[in-house]
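Asks: Bring the two chains, given one by one in their own frames, into a single complex with the hints.
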Amino acid sequence: MESSHSETRGRTPVKIVVAGGFGVGKTTFVGAISEIEPIRSEALITEASIDVDDLYESGTKTTTTVAMDFGRISLKHDLVLYLFGTPGQTRFHFMWNELARGAIGAVVLVDTRRIEDCFAAIDFFEKRQTPFVVAINTFDGTRVHGIEEVRNALQIDTRIPIMYCDARVRSEVQDALIAVVEHALDMATSEAATG
Amino acid sequence: MSVWDLPATRQGGRVVRPYVMTGGRTGFGAPAIALEAQVATTTHGLKMRHMFKWEAAEIIGWSREEKALIELSALLDVPIGVVRVLVADLRSHGAVTVSDPPAIDRSDSGYTDLLQKVLDGIKSL
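Sequence order for the protein chains is A and B.
Heads up, the final residue of the first sequence is numbered 195 in the working numbering, and it's a clean run with no missing numbers.
Heads up, the final residue of the second sequence is numbered 125 in the working numbering, and it's a clean run with no missing numbers.
If we strip away everything but chain B, and leave its shape as in the complex, we get (with noise of 0.2 Å):
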């Protein structure tokens, strides 16, 4: 699929250090963004993607489909703490959303279920 070819620009090898994008930040400090959880973008965020920069402005583009973290890391070619750290700054504008994965608690009876819907989704493969 194309979606997973990156743009022939990105060849050309970076001149921008990796987490100058985030101003020297690594996201320490914040509950980390699970590597699956789904990032989506949002009409308002398209609407603003001109107010930003660099990988947050690719990450609003790849994003209209929804991807995982880890996906938007490999499309980008950038760290893992970059992207969660440009991501979190983007849902906090409200330019993009995130679905977190579900808590793992196997006492709750919706666990049980999510389960059971993970097991027939598998079976009917």
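Excised from the complex, chain A in its bound form (with noise of 0.2 Å):
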């Protein structure tokens, strides 16, 4: 009675989250790879009961993620990839440790025309030892600032990959999904070397 076919299914879930600041593509860069539209849990907001009331205070964007954006892309028969947008404004960082807890990397979405905006982002996963990349959003198809500028700006260790990386296009982003994978790998492999 117990067996079925559903109990033997048991697809293994792993996740990398995408952070940054308010309005830097997170939701695109989720929905540019993510085999459904990006959906928007707005549950957490009405379980913790926030206010939305601020959605007008970067440029020219009207609407954000008020609580985050998932998608999802099979990769094997056994194996699926969630993508987590987190929740950009600085009210909602509470919630970054519950998307943080068992990723297993992270992409960080940097605006080099707000670049303190990913300053949070970058502290957090750093403190937690979570393999996470820099990926400069080109949205607007300009590359202002050199990959080392970035850096130095970022002062990030020059392990931690840094990429261009053009939220609206899926290799792109599937480039910018590799190369976290590949840092979580070299890390996992330095560790498991040192003991």
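Just so you know, these hints were derived from the structure itself, not from any lab.
Mixed in with the good hints there might be a few duds.
Said to hold, decoys possible - Derived DSS-like pairs (lysine-lysine); straight-line CA-CA distance at most 30 Å:
hint, chain 1, residue 1, chain 2, residue 2
1, B, 117, A, 76
2, A, 127, B, 123
3, A, 127, B, 117
Replies: Given below as structure tokens:
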């Protein structure tokens, strides 16, 4: 009676977090590669009883991720990857722990016009020792700042990969995800070597 | 995909407040089921579906194809804390199984094998 087809499925879920400042393109990034439309779960907001009254703080952007978006990519028959966009505004940072728990890595999206917006995300992942890469969103088609210039501005370790990434372009998002997992593998391999 | 369209019956507004469904329980105290944990209905669960009310019965329906906890929250339009409690109840009745995400242990070769599998999967998208 207890056996069934579904009980033997048990896909392994893995998770990559997409972080960065308000309006930096996290939802676009998730949507570029997800097999489902990015789903906005505002359930978390309901639960936390937070007002959503100041969504007009970022230039011309009039809406934002008030809770978080997630997308899904089936990698193998028994392996599924979820992408979680973190809430951008600082008052939602309490959710980051839940999102980062169990994540294999993170992408920190950077808008070089507002570079300081990603500092909180970088601090967070550094402290947690979550493998992360920095992706400079080139959604305006421009590469105003050099990679090393950005690295200096962020004051991050030379081992942390930095790349340009147009969050609208699937292949560039795919490359960023590859970079995250490769970086996570590097960290795992070096930790295994040092015990 | 139609699976992401909420049933029309859900558009009319709720008359039952969310935590009534859980008897006021918020899930504090129990180890939290991860947002991405996979929930799958068992044949046993399908048979006993009539024993469950409201969202619990809906979870049994949706999870005939595996769904993440967060997906169920979005599909049912209820807070993640509520879905957690309901799924934990359903699991204790044997109505669903829950596949947890792997533990992150970077010194474990099984974990690096998993990362390699994820990497291969993303590369071949």
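Asks: The structure should be examined with respect to each hint, and the outcome stated for every one.
Replies: Taking the hints in turn, this is what the structure says about them:
A distance of roughly 9 Å separates the Cα atoms of residue 117 of chain B and residue 76 of chain A; the hinted pair therefore holds under the 30 Å criterion. Only pairs whose Cα atoms come within 30 Å are accepted, and residue 127 of chain A paired with residue 123 of chain B is accepted, the gap being roughly 29 Å. Among the hinted pairs, residue 127 of chain A with residue 117 of chain B is consistent with the structure: their alpha-carbon atoms are about 27 Å apart, no more than 30 Å.
Going down the numbered hints, you'll see the structure goes against none, and every one checks out.
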